[in-house]
Amino acid sequence: MKFGVLIFPGSNCEHDAYHAVRKVLGQPAEFIWHQSTDLRDCQAIIVPGGFSYGDYLRTGAIARFSPVMGAVRRFADRGGLVLGICNGFQILLETGLLPGAMLRNRGLKYVCQQVSIRVENVRIPFTALAREGDVWTIPIGHMEGNYTLDAESLRSLERNRQVVFRYCAADGEITAGANPNGSVANVAGICNARGNVLGMMPHPERASEPLLGSEDGVRLFQSMIRSRS
Amino acid sequence: MQANLSMTAEVLEQHNLTQAEYDRILSILGRSPNLTELGIFSVMWSEHCSYKSSKLHLKRLPTRGPQVLQGPGENAGIIDIGDGYAVAFKIESHNHPSFVEPYQGAATGVGGILRDIFTMGARPIAAMNSLRFGPLDQPRNRQIMEGVVAGIAGYGNCFGVPTVGGEVVFGECYSQNPLVNAFALGLFRKDRIFYGKAAGIGNPVIYVGAKTGRDGIHGATMASAEFDEASESKRPNVQVGDPFLEKLLLEACLESMKTGAVVGIQDMGAAGLTCSTCEMGGRADTGIEIDLAKVPQREEGMTPYEIMLSESQERMLLVAERGREEEIVRIFRKWEIDAVAIGEVTGDGMLRILDRKAKVAEIPNRALTDEAPLYNRPVAAPTPTSPAPAPPGALSMDWGKLLECFLASPNLSSREWVYRQYDHMVRTNTVQFPGADAAVVRVKNTRKALAMSLDGNGRYCRQDPRVGAQLAVAESCRNLVCAGARPLAATNCLNMGNPEKPEIMWQMTQVVEGMAEACLALGTPITGGNVSLYNETLGEGIDPTPVIGMVGLIEPLSRLRSSWFVQEGHRVVLLGPLVGGARGYSSAVRHSLARLQPLRERGADVYSRWVSRLPCPPLDLDLEVRVQRACREGIESGLILSAHDCSDGGLAVALAEMGFSRDGAGTLGAEILLPRSDEVGEVLFAEYPSRILVTVAEGNLAALEKIAVLQGVPVTPLGQVVPDVLSVRSADSVVLERSVASLEETWRNCLGGFFADPL
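As given, the protein sequences belong to chains A and B, one line each in that order. Counting from 1 along the first sequence, just add 17 to a position and that's the residue number in our numbering. Counting from 1 along the second sequence, just add 27 to a position and that's the residue number in our numbering.
These aren't lab readings, by the way, just hints derived from the structure by calculation. Be a bit skeptical, because a hint or two may be false.
[As the list claims (entries may be wrong)] Which residues of chain B face chain A? A partial, calculated answer using Cβ under 7 Å: (1) Asn184; (2) Cys185; (3) Leu275; (4) Gln448; (5) Asp450; (6) Val458; (7) Gly462; (8) His618; (9) Ser688.
Ideal Cβ placement from N, Cα and C applies to all residues, glycine included.
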């Protein structure tokens, strides 16, 4: 599966995502500049983490206007796989490809640490190789990961099984103590109704080799690859 | 040129220039300088840029070795790590700005050191910082610390460099004078190194990066003066950082270097455009002529004086091959960054500044750089203190309670509150998370990893600056060895008081002497660094605080070791002496332990009070070298499974730390049997150097002992790894017994408890 990794001014996890899919998973991959509208026949697009446009104004608020995001939207509308990680998730929210918004972390500080997340929906291409209730160890690193949504929309999100990952304790229990940023309903990642666009705050590319402390992120990339093979 | 102004004593004082220095300027120029020229001299001859008080002494440091590709004098030192790769690294202080404005002061410190690295063509892959604050029970110190940590996080996280380690130390003397030393390390191919040289007469000089504003004017001069009550009003002297712009600058610089059109490049740090122009010219023995009208400016009506002295951040000066300017400008334009040719390299060795073609300053480059004043300032040793009294009799106290008190000290507790705010994982190379003895990042596409550590100890250096500096170097190397690395080279940051006081100069000479001795013994040359003087507020100087940043190589990566217990049943062994030799230290330790009774309640920092009364422990450099060699051999032969440096807080604290979990997942303890029952307190808590705690599988103990004996290193099997409990017995009794989980909770929650933080 050919992956396209977007680069915005201020992206800083694009090399990490590229390394994970290209070197660890052995897939073809290409960088795509924010000014481009040509997705180069990629079968999956990664909107990587970082601080696009310095996160000035509001996270993701400027990147959404990039020419490439128009192409990503059309790609998603045709059913293409789009994975937004961290700042990428924030950009997908601002673009409207995913519902909701991000607030500053409840503790008001940047948080970088390993967390446990529970896989809530395995019927989408991003998690097909996982079992429901699996607990993954995967790092987070963000200042604005406190996901929020009005009560009505949250009910609809839950009903449609669009909550894909939740922060949990090591045993899989969803607890307030396991929530690192105050996110509503412990949400760590959500997908669109169709299941082809996923946004998540944890970094699967940082959990893709045993040396880095976890390989659980590999299962996400493998699921994506399997879904299109 | 504009009319020469009459130099009043007041003008000179504003520029921190002495009358003698001014006379020297007159003789160099053969005329009076104008205000712009005076400003240029004042920043280049400031302590910060010229090292005028320290340079003569720094020459004693070893700087060469087969691994050293670039020693002091460039933007950063460079060492060879094999297979065509090299790393550039350096540490720099941002103490004064961080006191005036903690967030921006620390942030721009990080920005400056990152530019020093990527200006050489290396991509920064790791950052660390060494921080010192006053005690946290004072709100002002908490405010400074919170701002500094947030500033480092704000800059490093956005830029995309992992902040992988460092140190945080608290002491009374840092109350009005925090120390913020930022370290960065970058990786490149060794045939792709760029230098800050303005070579090639006629080559264009290109300004790239942020526009110039009025911020930070005279930052370098401020960093060369003491603080008084009026320091609050110096806030406009502190620069404001833009990490986003720096990230773009990084990418644009590295991309433009690939074209082959870049001849030389240097960042505009302290003293901005002034420093970069004259240093680049000075190194290449050329002159530089620039026209200020072409400099991108953020504000209108800036004078030549202001433009030349501005310390606006995120700017670089680049010399390109003539005729290839357009290639470079195009790359910067792609990254939406200004790139403007502002002048050219000349053959006359002069720094010539024009403003709309009118000459506003003209000074020989060398007068500003190599010919800056050098001082051999008077040195005076302090009167020696009286020797310690004879040791008291056997002590009996609740050692478990004392260990708890120590672990609850801000100086020994977990640094998680700090490093959780730093992105320490970006770039996916971090293979040892913060909290271990050394930070470790792997080098992708190789079998290598780089280990690094920052270490200083002001309280020892106050007692004995020479041995204290040796201890800092020794500990830094030991930390690397514990991670499985071979120490290669170091960078240093000397944080001291006012060099015009003879006793401070004495400290400096002693620190340099000790550092040189230890670096020679351990085979780790100093490849560069920074000196920060005038760390005094209201006449009170800090403890002399040299900070060492050591870099080592782990190869193959399978030699990487952590400092935690691995598995139940492993044997716990001490490499190095159980107690050291010196009677004076030993006696002082036992006296001060006796004075700790009765132990205060939680909240009082028992450890910091205790240790501040102790003399500097003795160091046998020869033994240190052998202990480190034994540990390396034990790791390389696969015997040693984990290793932990035994330093602050002594053996007991090190044993407890080895049991703490990395992520709160599970705990391991140890059953320890002390081979001697006298002096239990000294064995457990004294801070003797040259000691490493290691674990080995049961069957490998004899093989490890053999290695130690061959190296002439004392080796003591202490016990074994067990679940959940740390217990220490001596021949006849239980010395202490504690649940590791409860010790860990005490240790983990200390720092966060000082800050109102709901998470």
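- prompt: Does the nearest C-beta of chain A fall within a distance shorter than 7 Å of the C-beta of His618 (chain B)?
  reply: Hint on His618 (chain B): violated, closest Cβ of chain A at ~43 Å, above 7 Å.
Checking hints one by one. Is Asn184 (chain B) an interface residue toward chain A, by the C-beta closer than 7 Å rule? holds (6 Å)
Quick check on Gly462 (chain B) please, does its C-beta sit within 7 Å of some C-beta on chain A? Status violated, d = 11 Å.
Exercise. Taking the closest Cβ pair, is Ser688 (chain B) under 7 Å from chain A?
Worked result: At about 11 Å, which exceeds the 7 Å cut-off, the nearest Cβ of chain A leaves the hint on Ser688 (chain B) violated.
So, as I understand it, the hint says Leu275 (chain B) touches chain A; can you test that by seeing if any CB pair is closer than 7 Å? Holds, because the Cβ-Cβ distance from Leu275 (chain B) to chain A comes to roughly 6 Å (cut-off 7 Å).
* Asked: With a cut-off of 7 Å, does the beta carbon of Cys185 (chain B) approach a beta carbon of chain A closely enough for the hint to hold?
  -> Since chain A brings a Cβ to about 4 Å from Cys185 (chain B), closer than 7 Å, the hint holds.
- prompt: Regarding the hint that Asp450 (chain B) lies at the interface with chain A, is the smallest CB-CB distance below 7 Å?
  reply: With a closest approach of 4 Å, the Asp450 (chain B) hint holds.
Against chain A, with CB atoms and a cut of 7 Å, does the hint on Gln448 (chain B) hold up?
-> holds (5 Å)
(message) So, as I understand it, the hint says Val458 (chain B) touches chain A; can you test that by seeing if any CB pair is closer than 7 Å?
(response) Interface hint status for Val458 (chain B): holds (5 Å vs cutoff 7 Å).
The structure is inconsistent with the numbered hints 7, 8, 9, although it conforms to all the rest.
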